[in-house]
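Chains S and G are the protein sequences, given in the same order. The numbering of the first sequence is my numbering, which starts it at 1 and goes up by one. The numbering of the second sequence is my numbering, which starts it at 255 and goes up by one.
The hints are simulated quantities; they were obtained by calculation from the structure and are not laboratory data. Source: prediction; values computed, not measured. Among these hints, one or two may not hold up.
Computed footprint of chain S on chain G, listed as stretches where at least three residues anywhere in the stretch have a Cβ under 8 angstroms from a Cβ of chain S [said to hold, decoys possible]: (1) 298-309; (2) 328-334.
Partial pick of chain S residues on the chain G-facing surface, computed with a CB cut under 7 angstroms [claimed, not checked]: (3) 6; (4) 9; (5) 19; (6) 20; (7) 43; (8) 45; (9) 85; (10) 88; (11) 91; (12) 94; (13) 95; (14) 97; (15) 98; (16) 131; (17) 247; (18) 251.
Result set (DSS-like, lysine-lysine): computed pairs, CA atoms no more than 30 angstroms apart in a straight line [said to hold, decoys possible]: (19) 272(G) - 251(S); (20) 395(G) - 251(S); (21) 539(G) - 254(S).
Glycine included, C-beta positions come from ideal geometry on N, C-alpha and C.
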Amino acid sequence: MRALIGFRTLVWREIVRFLSVFTQTIFPPVVSSFLYIFIFGFSLGQKIQKIHDVPYLWFLIPGLIMMYIIEGSYANSSSSLFISRWANNIEELLVTPLSYFEMVLAILIGGLARTIVIVAGVYLVSLLFVRFPPAHPWVVFYFLIFVSLTFSSLGMIVALFAEEFEHLSIATTFVITPMVFFGGVFHSIAMVPEALKWLTLFNPMFYMVDGMRYGMLGFSDVSISQSMLVIFVLFVILFSLTVYLFHIGFKLRK
Amino acid sequence: MIPAISIKNLTKFYRQFKAIEDVSFDVEPGEFFGFLGPNGAGKTTTISVMTGLANYQAGQVHIFGHDVTSDYRKTRALIGLVPQEFNFDPFLTAEQILIFEAGYFGIPSSEAKKRAHELLELFDLWPKRQDGYKRLSGGQKRRLLIARALMHRPKILILDEPTAGVDLELRYRLWEFLRKLNGEGTTIFLTTHYIEEAERLCSRVGVIHQGKMVALDPTETLIRKMSGDQVELYLKKEMTEVPEEIRSVAIALEEKGRKLRFEEKNNAVAEVLKTLHQRGIEIQKIDVRRPTLEDAFMKLINSQMKRG
């Protein structure tokens with residue numbers, strides 16, 4: 001068990017970090033989810049026809065939750081690792097006997113912890129407007145965990161390549177947010193013009209949003225096993241790449 | 255006996271620049287070893303290789319027989335590093351910095367708390383334990399760096415310029431503390447700009463210059479090898495120039511020709527005294543100063559510079 005102490009300590013350090021700046025890490029997504037749900041779902045949504053036989057507000061909530069999972073985990077690990085590189089306290093970690101696998105996994109689990117807090121907050125906000133039990137809770141947990149770990153890995157990779165703080169938000173602004181939006185947070189693939197539908201199928205975010213919708217509402221545009229497989233493969237690739245970069249000391253060791 | 259640190263033919267590049275070239279040396283368990291060299295000579299780079307903060311291109315580095323690359327978890331557990339620059343976690347308090355660092359090394363939190371308490375007291379940081387490192391003074395940060403490195407009770411303590419920018423009182427206290435720690439069996443590897451520090455503390459020194467080892471000796475041997483006693487003769491009457499017979503051994507004529515300075519080697523004293531006597535020059539006073547490590551160091555570095 002002694003071997004796990006180091007790992008647990010680093011997970012706890014990551015949690016202490018995001019809690020110590022909770023006004024930047026927890027509040028903003030919860031507040032903005034209230035705005036999205038109230039304006040798009042509750043107010044505008046009443047004018048929108050049902051999708052898959054559920055009101056638009058129901059349809060919106062799983063998509064929003066997936067969006068916050070993606071953004072929250074990416075933001076957490078990218079800023080945590082980049083600040084550590086920038087303040088040089090990454091050296092505190094690199095001289096310890098933790099394995100690279102443990103270092104990476106602990107930081108990812110720290111990101112998962114933040115994501116769980118955010119998702120709980122967004123879900124509580126949604127309860128103010130609508131209440132329905134999740135159709136397949138285990139599917140919800142599957143997507144929560146693997147999407148979070150995947151985007152935490154991506155955040156760590158970007159944090160290693162980044163030379164300045166702005167580089168972290170470039171990925172958010174130009175890649176993640178557009179892909180999440182096109183992935184169907186606010187709309188169903190059925191609403192996309194026929195000619196562009198095939199493009200959506202190349203967007204991994206589509207499978208994440210669709211999978212979460214299956215978990216919460218019980219229906220999806222593509223088969224759930226396909227979505228589960230896409231996200232698992234993506235996780236394995238990005239996680240292995242992150243561990244590999246730590247192993248070779250990419251921008252970590254001189 | 256397995257050396258505490260064993261470096262063989264280490265070579266390290268920063269892109270095209272060769273920062274370390276074929277460096278080899280061992281440090282025995284329990285030794286107090288000084289690693290000296292001018293700025294940019296490769297001291298910190300060598301430390302970074304030992305501690306896992308730098309990759310290297312050739313050679314082997316072993317800590318108590320374990321390879322620092324293939325067996326990095328074992329070697330890192332044996333070393334405590336006091337880096338030159340402050341690299342504290344900006345999100346933690348002084349006490350948390352110590353407890354978390356111990357945790358990374360596998361120390362259970364109850365034990366870590368106990369050790370943190372002891373070290374915070376020892377380094378006069380207890381009243382500051384709730385503060386983030388930014389609220390500490392320079393000397394307090396330096397002490398916290400050392401406390402952090404000691405949390406897991408390493409067998410080897412590596413200190414990179416630990417007394418840079420530290421006031422005299424703290425410097426003396428640190429020296430005393432390091433001597434005690436070494437006396438209790440911890441191997442100490444120290445780099446410093448204060449050559450006097452190395453002379454007082456280290457039983458053996460290595461000198462690195464432009465990435466190459468240029469000396470590796472017990473401190474006393476290096477001093478003796480590089481430099482003889484410094485002799486100063488105060489003359490009753492001024493002398494306009496150094497007599498020809500002794501120009502080769504000496505010589506600097508200072509204080510308007512009233513002081514003759516030279517280094518005692520190859521019987522220089524006898525030679526000089528004989529010459530002065532023959533010329534009827536009387537001596538008022540003689541000063542003999544033991545050479546210091548600084549004299550040896552300067553001489554060594556100068557001779558290296560001349561060699562290019």
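Okay, the hints, checked on the actual structure:
{"no.": "1", "hint": "298-309", "result": "holds (count 7)"}
{"no.": "2", "hint": "328-334", "result": "holds (count 4)"}
{"no.": "3", "hint": "6", "result": "5 angstroms, holds"}
{"no.": "4", "hint": "9", "result": "3 angstroms, holds"}
{"no.": "5", "hint": "19", "result": "9 angstroms, violated"}
{"no.": "6", "hint": "20", "result": "5 angstroms, holds"}
{"no.": "7", "hint": "43", "result": "39 angstroms, violated"}
{"no.": "8", "hint": "45", "result": "40 angstroms, violated"}
{"no.": "9", "hint": "85", "result": "11 angstroms, violated"}
{"no.": "10", "hint": "88", "result": "4 angstroms, holds"}
{"no.": "11", "hint": "91", "result": "5 angstroms, holds"}
{"no.": "12", "hint": "94", "result": "6 angstroms, holds"}
{"no.": "13", "hint": "95", "result": "5 angstroms, holds"}
{"no.": "14", "hint": "97", "result": "4 angstroms, holds"}
{"no.": "15", "hint": "98", "result": "6 angstroms, holds"}
{"no.": "16", "hint": "131", "result": "37 angstroms, violated"}
{"no.": "17", "hint": "247", "result": "10 angstroms, violated"}
{"no.": "18", "hint": "251", "result": "12 angstroms, violated"}
{"no.": "19", "hint": "272(G) - 251(S)", "result": "19 angstroms, holds"}
{"no.": "20", "hint": "395(G) - 251(S)", "result": "26 angstroms, holds"}
{"no.": "21", "hint": "539(G) - 254(S)", "result": "56 angstroms, violated"}
Violated hints, in rising order: 5, 7, 8, 9, 16, 17, 18, 21; the structure is consistent with all others.
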